[in-house]
Each structure stands twice: as structure tokens, then as C-alpha cells.
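Chains as they are written, first to last, in my numbering: chain B, 1 to 108; chain H, 1001 to 1151.
These are computed hints drawn from the structure, not numbers from a lab.
For glycine and all other residues, C-beta sits at the position ideal for the given N, C-alpha and C.
Misleading hints may appear alongside valid ones.
Stretch by stretch, here's where chain H covers chain B in the computed footprint (C-beta under 8 Å, at least three residues) [unchecked claim]: (1) 1-15; (2) 28-41; (3) 70-84.
Some residues of chain B that are not near chain H, with every Cβ distance over 10 Å (derived) [as the list claims (entries may be wrong)]: (4) L18; (5) Q63; (6) Y97.
No farther apart than 30 Å at their CA atoms in a straight line, the calculated lysine-lysine pairs in the DSSO-like style are these [as the list claims (entries may be wrong)]: (7) K48/B to K1040/H; (8) K1122/H to K33/B; (9) K48/B to K1027/H; (10) K1040/H to K12/B; (11) K1027/H to K40/B; (12) K1149/H to K12/B; (13) K1040/H to K1027/H; (14) K48/B to K29/B.
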Amino acid sequence: MLITNIESVPGKTIVKHLGLVQGSTVRAKHVGKDILAGLKNIVGGELKAYTELLHDAREQATQRMIDQAQGMGANAITNVRFATSSITAGAAELFVYGTAVVVEEDQD
Amino acid sequence: MYIPYDILIIIAFLMLGYGFGQLAEKKHYRSIRQRETMLKDILIFGAKSPPADWPIVTSELVHGNVVVSVDYFKRFLFSLRNIFGGRVEAYESLIDRGRREAVLRMKQHALRLNSDAIFNIKFETSAVSRGFSSSLGSVEVFAYGTAIKTS
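All chains should be modelled from the sequences, with the hints used to inform the complete structure.
Dropping the structure here:
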């Protein structure tokens, strides 16, 4: 599955548009990690647990988007956008969406 | 004799925050500068797509993210600054560190894919948690773009 955040797949031609595909996940923080992060808040710096949490969550959302695109028979997703929103204190939604397309090698 | 423990604790937090915060920031900036020099060959463009005459082999989405937190001392500075308004330099450096780190991680991702350039870079910044009196706790910076490999 080819994924780009531009309107085309460079070096390939889009032969068919299949419409919007999306994936989302809502994640909450682990209490233990939250306490550790609270301590880290005193001295500042990177909160590795949160970085990993959000990274994994985005990967999962992307995977869900890819699954949906595969179900439609697409071989690429273009114009991908990410969105993050905090639903309540302690939970965040990671949302990713794009256009499922079928691409072919350039004929030249 | 009355000892104001709560005030002592706050002062201790402020000193800890100032000491370790400054130290960590200096160390982080050193590492950022070093890695920026190392990864300077991967070019980043805000342009939507590469020039038409580029011989493109592959393209793939790359991303990098980081959650950075502000220290207790800077948060205290901010609460003072918030009374009169104006430039909050303490937070500017935090966001700057976050953005540069996210870009570096994105570049490292591109490097693993042997890419030469990244197009259509987008940034996303979100507040992850709130500190006391609804001041900023920590921010997440996420950067993504399309990595391109030329022949």
C-alpha cells in the first residue's frame, strides 16, 4: 500500500478514485505512566511514554485506514491528513483520512 | 515554631525545575544541532509535489512525533508573565525544541527508507495535558510529509 500526503503518487498514474478512507482510535493514558509523567513535569523534557503512546495509536489508526482501502481494492492512498483531538482529560482521539486510489506505473 | 512546608516544597520544585530544566534543555539543543548537521542532506520542502523533471523511484509517507513538557520553573515564569501579557520566551524554546525534534525524527524515518527529499511537510501541535491553573503542561508536535527517492 502506497501512502502519500500529496495529491498524486509521484512516478505513477492514478487510474481510478475509490473515495474517502479513514481510520481512528481513542487512547487513554496508563495511570502508572501518568504519575511518572507528572514527576517528569517538574523537570521538563521529553515524555517518552506519551510519545510512544501517540505513535502507536497513530500506527493503529493508519492500519485501520489501510484495511479499509484494501477492502475497496485500492493499492494506494493519497492526500493523507492526520488530526488529533482530546475528547476528555486523559484521552485523545487520533484520526487519519485520505483518498483511496488505484495507481499504475507511468507509461513512458 | 511554625515551618511553612508547602512554601518550602514549592521553592524546592522551582529550584529542581530550574536546575534540571536548564541542563536538559542545553543537552537537548546540543543533540538537536548535532543531528541537524548529520541529516542536512535530506531536503525538506513545503511545496506540494516535486518538480516534474525529477526521476522519481519511490514515494512514501514519513512522520515523526515528540511530546515535550515544560519544567516547573518555566511554568512559574509563565504564570507571572500571564498577569501583564507579552512574549513568553520560556514556552517559545519548548515549542522550538519540539518542532525541531519532530522534524529530525521524520528525517530519520526518511533516512531509513533511503529517501532524498521530503515534500508537502505538515505540522500539527496539540496540548496533551494541562498544568496547574490551566497553563500549558506538555505539547505534542507531529510532523509528516511524503519522502521521495530519486534515482
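Here's how the hints hold up against the structure:
no. : hint               : result
1   : 1-15               : holds (count 10)
2   : 28-41              : holds (count 3)
3   : 70-84              : holds (count 5)
4   : L18                : holds (18 Å)
5   : Q63                : holds (13 Å)
6   : Y97                : holds (13 Å)
7   : K48/B to K1040/H   : holds (25 Å)
8   : K1122/H to K33/B   : holds (29 Å)
9   : K48/B to K1027/H   : holds (16 Å)
10  : K1040/H to K12/B   : holds (28 Å)
11  : K1027/H to K40/B   : holds (16 Å)
12  : K1149/H to K12/B   : holds (13 Å)
13  : K1040/H to K1027/H : holds (20 Å)
14  : K48/B to K29/B     : holds (13 Å)
Going through the hint list in order, the structure satisfies each hint without exception.
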